[in-house]
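Listed here are the chains, written in short residue letters.
4 protein chains.
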Amino acid sequence: LYLNKLEEFRKSKWFSNFTTLIIVGYAVVLGLKTSHQIELAFENWWFYLDLGITLYFLFEVVIKISVDKKDFFKSGWNLFDFIIVVVTLIPIDESEFIMIARLLRLFRVLRLFNSRPELKNIIDMLIGAIPSIIDIVVLMFIIFYVYGVIGSFLFVSAPSGLWENLFISMLTLFRVLTFEDWTDVMYEAMEINPLYWIYFVSFIVITAFVFFNLFVAVIIGEMESLRDKSKNSVSNKIDEDHEKLVKIENELAEVKQLLKDALKDKPK
Amino acid sequence: LYLNKLEEFRKSKWFSNFTTLIIVGYAVVLGLKTSHQIELAFENWWFYLDLGITLYFLFEVVIKISVDKKDFFKSGWNLFDFIIVVVTLIPIDESEFIMIARLLRLFRVLRLFNSRPELKNIIDMLIGAIPSIIDIVVLMFIIFYVYGVIGSFLFVSAPSGLWENLFISMLTLFRVLTFEDWTDVMYEAMEINPLYWIYFVSFIVITAFVFFNLFVAVIIGEMESLRDKSKNSVSNKIDEDHEKLVKIENELAEVKQLLKDALKDKPK
Amino acid sequence: LYLNKLEEFRKSKWFSNFTTLIIVGYAVVLGLKTSHQIELAFENWWFYLDLGITLYFLFEVVIKISVDKKDFFKSGWNLFDFIIVVVTLIPIDESEFIMIARLLRLFRVLRLFNSRPELKNIIDMLIGAIPSIIDIVVLMFIIFYVYGVIGSFLFVSAPSGLWENLFISMLTLFRVLTFEDWTDVMYEAMEINPLYWIYFVSFIVITAFVFFNLFVAVIIGEMESLRDKSKNSVSNKIDEDHEKLVKIENELAEVKQLLKDALKDKPK
Amino acid sequence: LYLNKLEEFRKSKWFSNFTTLIIVGYAVVLGLKTSHQIELAFENWWFYLDLGITLYFLFEVVIKISVDKKDFFKSGWNLFDFIIVVVTLIPIDESEFIMIARLLRLFRVLRLFNSRPELKNIIDMLIGAIPSIIDIVVLMFIIFYVYGVIGSFLFVSAPSGLWENLFISMLTLFRVLTFEDWTDVMYEAMEINPLYWIYFVSFIVITAFVFFNLFVAVIIGEMESLRDKSKNSVSNKIDEDHEKLVKIENELAEVKQLLKDALKDKPK
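Residue numbers (my numbering), protein chains in the order written: chain A, 1125 to 1392; chain B, 1125 to 1392; chain C, 1125 to 1392; chain D, 1125 to 1392.
Read the hints as simulated data drawn from the structure, not as lab findings.
Since we're looking at a predicted model, the values are computed, not measured.
Any given hint might turn out to be false.
Pairs involving identical chains hold if they fit within one copy or between any two copies, as the list cannot separate such chains.
Listed next, the in silico DSSO-like pairs over lysine-lysine satisfying Cα-Cα at most 27 angstroms (straight line) [as the list claims (entries may be wrong)]: (1) K1244 to K1188; (2) K1129 to K1193; (3) K1157 to K1129.
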């Protein structure tokens, strides 16, 4: 009986809504804290607020586990929740690991994904879309790599230091890809050799062409899989109908033959 | 009889075309007024022109209401019209509320939407498209929020003040999203720690990936709903045909059996 | 006989290829002339080259008209050709109307469109695509107009002069639309009132949303028209089949009834 | 027997994986060499490493040729491999042709494409997509050319030298196309004549419109070819079914006639 009530409570809408509210409220507070003035004005309250949030999250996870038991850990999202709640229980000396403590607090906000199914679906959809572009990412990396190596050969003497080594060259190429002041980079390179515009224009044209095709390929691929799925039902019915027609044709031929035989017999 | 003529007048094409003309003319005048020279040259005329427009709009709305009666207020667009016309009747002391008076005058131009059905359709279509991206907007907000909080932790010491608090950080991130001088922001951050390029590149890659998938998802979703709608008629017909074929098959079997029975009987 | 040969000549491939070659060659020469050095070096040759081209184009058009006669003027492209050829025959005093003379010479290069059918098709396709976006252009203009008027109210005091009057404001908004240094414009406005970021961010979000939906709408619209066209043949066949099945069903019922009647009669 | 083992070896997975590993390792080394410090620290090792790689690639190609024989040269990818391996065997005096030597070494990394089928497929897909945009490229070139010639007429006096001759003008237009500081270019031109904004805005609008339509056309074209391919099977079946129905209808009519004749005969 007691367990039943707990289960009811765990699955009640206002429990999940209240948790969402707590997370959103916590997010707002974290946001306000980024303003130095507000952080100082309420300096004494942060500790108690943080403690309250920590306890509520602990309470919430304990209830969920006590109801779902093993099933709780089957969902990757729950595991993510659990780790965040447990890790933030560890007392951290803020003065030493301030960045880690802050990041952990921030990650609590990501619990929002688990408490809202619509967001969970989008994230799952986004993760599911990664394989379809993995090959393009590899190809883009090779293009970046080749242009990066060539760039750090040709423009190493550029005074801006944008081509110092392969890594910095690739970062510069990423900048060129976003069109961010890419002509400054090009004009600098063209002072070494006026023909070096070829390097930049070809890079932009090639990467734009690759992205363009990626886009078309993904849309077409999605459409194909969509149509195949829905077409099957119609296609199956048409196949069945085809077989039925063949059968009817044969049957009819038999009937006709029978009739003809009957008629032939009659006159006798 | 008098009402019939009024209705004819209200529904006549030249009445709505004339209203459109008045609105477009008014828009041109408002545009010219933004030039300080022109505003001063015709200073005395603006008042009479404004009065004329106000009276015409009042006249137009009165005619429409007197014909349509209650139906008039059923359309959101008409309500929007009515409010703008009524509110601009209130005499406002321009010296005090100059901004509000000017905005109200500008909103009159938006009456163009109601007087042209093509524009009304596009606006309705755009409003109808909002739900399909609402989840993505929430997700984008979370991404902005998380990066914003991290950014105002890490780069608070940046001299440009672009990461002063959460709100300014999110505005800066919006700027990075549009690729507007984002490398300036990054190079500044990299002076604090050369590894901070990860923050910017990951933000750009993640948001680009989310937008990319949003785009594909919306196109595919639209296509799916489009196809489902049009497929139903064909699908229904194929279903019916299938049933008919089954029935014909059975009938034919019966006919064959009858014939066979008849033939069996004959030799006797 | 003489006319037949002329017609053969006019339709021969090498005649149209040669014309294309002349146009491309002329385009290259015009390009070289933009370099001041080259223009001076060959100063005396330009006149004769121009005369040669003019005569060849005249010769070409005369042949085409003498063969096609009235049909020649039915194509808009031919008309475009004819006007360019005729107008460049008029002797223009270069020192006075140098710009017009130069533009006319440049327009000769556009005759390339008429001499290559692939290009003609693309241009026709592009022109055919205009109606599908005309409403969006009107909507965009209204958005630009409203933001332009508001902008020249609010930011008229900005020292950069980017909001001097409605026209300059709309040009500035076009710049914001292309994300070109838009934050500079925004930061300047935010010095008047820190809340003015709303103006810029809302403008970018709204126009991006409108473009996004335009894109999706055009793709879906194209797909719909494409599918309707191709579906008709299949759909018609399925409709016909459906009618046939109904007829067969009735026939079969009649046959069965006949058989039953026959069998009933027999035992007597 | 000895040949069989060689063939087994050539087709074994670990042979191709090991080659991939060597290429990736070589790519990493080339990347590290772009850092001047690392290049100096290991100065003596580069020669031996390069020799080792060269020998391994030679060994690999010899094995592949000895197994595949003539078939090896049928694939364009293999030919590409072969040329790179052979050319890097030629001893080059680095001090003289340092750039060529370095590029050849870099091209070795591109052998990755041949060793990974997924990458080969993407490259083949990209190359296959070129014809569908070739006409648009020609059209874009004409637009660039016409605007380039007009630009170098109108703005030749601009102090930035961005319109010095046709070629530089076209490079500047490419910059405008990427929205990179295009307003700087425009504001400079507007100092010559305030109406020259038309040149830039029209260029951006026209090229954007062309690209927009290109995108839609390619997606629709891909969809059409996709649907045609898959529709054929269903379409054929429906065609066959249609013929069958016609035949059944006729047969049934004959059967009915036969029956009627039989019944007519009976009373006699």
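Now for the hints, and whether the structure bears them out:
In this homomeric assembly, K1244 and K1188 come within 27 angstroms of each other (Cα to Cα) only inside a single copy, at 18 angstroms, whereas the closest approach across copies is 49 angstroms. In the homo-oligomer, the alpha carbons of K1129 and K1193 lie at most 27 angstroms apart inside one protomer (16 angstroms), although the nearest pairing across protomers, at 56 angstroms, exceeds that limit. Taking the shortest Cα distances, K1157 and K1129 never come within 27 angstroms of each other, neither inside one copy (38 angstroms) nor across copies (67 angstroms).
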